[in-house]
Amino acid sequence: MSKPDEPLVDVAPLVESGQSNRMSLTVVTGGAVITGRLEPEAVWRQRVSDSVA
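Numbering (our numbering), first residue to last: 1 to 53.
Simulated from the structure, these hints should not be mistaken for lab results.
Honestly, I wouldn't trust all of these hints.
As the list claims (entries may be wrong) - Here are the computed distance ranges between Cβ atoms for each label pair:
| hint | residue 1 | residue 2 | range |
| --- | --- | --- | --- |
| 1 | Asp-50 | Gly-30 | 25 to 35 Å |
| 2 | Glu-41 | Pro-7 | 14 to 24 Å |
| 3 | Val-52 | Glu-6 | 16 to 26 Å |
| 4 | Asp-50 | Glu-6 | 29 to 39 Å |
| 5 | Lys-3 | Asp-50 | 29 to 39 Å |
| 6 | Glu-6 | Ser-51 | 16 to 26 Å |
| 7 | Gly-31 | Val-52 | 23 to 33 Å |
| 8 | Val-52 | Pro-7 | 14 to 24 Å |
| 9 | Pro-4 | Gly-36 | 26 to 36 Å |
| 10 | Arg-47 | Val-27 | 31 to 41 Å |
| 11 | Pro-4 | Arg-37 | 17 to 27 Å |
| 12 | Leu-25 | Ser-2 | 12 to 22 Å |
Computed from a predicted structure; not experimentally measured.
Heads up, the beta-carbon is just placed ideally off N, CA and C, and yes, glycines get one too.
Build out the structure end to end from the sequences listed, making use of the hints.
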C-alpha cells in the first residue's frame, strides 16, 4: 500500500490473530466501491489453492 489506511492497518492484526474470523469491509475510493471480507491469510491461501487445483 503506497498510502496506508490507518483503520485498515488497525483491523488487519485482529483478523490475523483470530479475534475476528471474517470481517466485512467496504472501501470507497476514487469513485469505486469495493466490498469484501477480511480473513486470515492462511484461510485465504487455502481457499485460493483449492480453487486452482
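Hint-by-hint comparison with the structure:
A C-beta distance of roughly 32 Å is found between Asp-50 and Gly-30, which places it inside the suggested range of 25 to 35 Å. For Glu-41 paired with Pro-7, a C-beta distance near 19 Å keeps the hint of 14 to 24 Å intact. One distance hint, 16 to 26 Å for the beta-carbon pair Val-52 and Glu-6, is violated here, with the actual separation near 33 Å. Between Asp-50 and Glu-6 the Cβ separation comes to about 33 Å, which falls inside the hinted range of 29 to 39 Å.
Between Lys-3 and Asp-50 the beta carbons are some 33 Å apart, a value that agrees with the proposed interval 29 to 39 Å. For the hinted restraint 16 to 26 Å between Glu-6 and Ser-51, the CB-CB distance of approximately 32 Å leaves it violated. Distance hint check: the CB atoms of Gly-31 and Val-52 are about 32 Å apart, consistent with the given range 23 to 33 Å. Evaluation of the 14 to 24 Å hint for Val-52 and Pro-7 yields a failure: the beta carbon distance comes to about 31 Å.
For Pro-4 and Gly-36, the Cβ-Cβ distance of about 18 Å falls outside the hinted range of 26 to 36 Å, so the restraint is violated. As the Cβ distance of Arg-47 to Val-27 is approximately 20 Å, the hint placing it in 31 to 41 Å is violated. Separated by about 20 Å at the C-beta atoms, Pro-4 and Arg-37 satisfy the suggested range of 17 to 27 Å. Checked against the hint of 12 to 22 Å, the C-beta distance between Leu-25 and Ser-2 comes to roughly 19 Å, which is consistent with it.
Hint violations for this structure: numbers 3, 6, 8, 9, 10, all remaining hints satisfied.
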